[in-house]
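Keeping their order, the protein sequence lines are chains A and B.
Under the numbering used here, the first residue of the first sequence is numbered 1, with each subsequent residue one higher.
Under the numbering used here, the first residue of the second sequence is numbered 1001, with each subsequent residue one higher.
Pairs of lysine to aspartate or glutamate residues, derived as EDC-like cross-links and limited to a Cα-Cα distance of at most 16 angstroms, are as follows:
#: 1; chain 1: A; residue 1: 37; chain 2: B; residue 2: 1102
#: 2; chain 1: A; residue 1: 71; chain 2: A; residue 2: 2
#: 3; chain 1: A; residue 1: 42; chain 2: A; residue 2: 83
#: 4; chain 1: B; residue 1: 1038; chain 2: A; residue 2: 39
#: 5; chain 1: B; residue 1: 1041; chain 2: A; residue 2: 5
#: 6; chain 1: A; residue 1: 101; chain 2: B; residue 2: 1102
#: 7; chain 1: B; residue 1: 1041; chain 2: A; residue 2: 39
#: 8; chain 1: A; residue 1: 68; chain 2: A; residue 2: 2
#: 9; chain 1: A; residue 1: 71; chain 2: A; residue 2: 5
#: 10; chain 1: A; residue 1: 42; chain 2: B; residue 2: 1003
#: 11; chain 1: B; residue 1: 1018; chain 2: B; residue 2: 1085
#: 12; chain 1: A; residue 1: 101; chain 2: B; residue 2: 1058
#: 13; chain 1: B; residue 1: 1040; chain 2: A; residue 2: 39
#: 14; chain 1: A; residue 1: 101; chain 2: A; residue 2: 27
#: 15; chain 1: A; residue 1: 101; chain 2: B; residue 2: 1044
#: 16; chain 1: B; residue 1: 1022; chain 2: B; residue 2: 1052
Keep in mind that the hints were calculated from the coordinates and are not lab data.
Keep in mind it's a predicted model, so treat the numbers as computed, not measured.
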Amino acid sequence: GENVEQHPSTLSVQEGDSAVIKCTYSDSASNYFPWYKQELGKGPQLIIDIRSNVGEKKDQRIAVTLNKTAKHFSLHITETQPEDSAVYFCAVSPFIQGAQKLVFGQGTRLTINP
Amino acid sequence: DTEVTQTPKHLVMGMTNKKSLKCEQHMGHRAMYWYKQKAKKPPELMFVYSYEKLSINESVPSRFSPECPNSSLLNLHLHALQPEDSALYLCASSQSQGPSYEQYFGPGTRLTVT
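Can you build the whole structure from these sequences, using the hints too?
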């Protein structure tokens, strides 16, 4: 089955700096790659996603890049703010006939230092 | 609006109790999901309903019993749980069950089994 590795497990950056989180996956047939942000005591919030026919997608300070050949994708957060502090999960949706399963990475705890 | 609601927010139950978790969405989504999340871990898929029919059961013990009364509601019936079942239970929904539809999560129910 699909296997997703996420790095780093913890990341601490100064406010205003950039943060990058990377994920690799194993199933070359996977074609959907969402990123979720989870704050303490809350459910995961979809923040950005990318599909396999696109190499990069941006939404204000957040961007995701996808390299299908290398089977890895990354989340980039620029001009970080204290409210960006949270746990971030990447996920992969492997192709399963008639079904959708999300396989999550282990998460990255991002801390923004003021 | 991408809101999924879950009740109750917190639940404490004994190992002999029977309780139910409820999930609701009004986005017209036809796929709904139950996930279990242990502390400092990613969500793990339990069940998937597509068009009100159970399509995926990830080998979940029978003490967890899902139900989808209609396209907007999803229940998880709990009976004879064990302390190790204590976790955050998350509901999610997506437009359909294809491999690249966005999944939106609710805030979760924090379950403690005593």
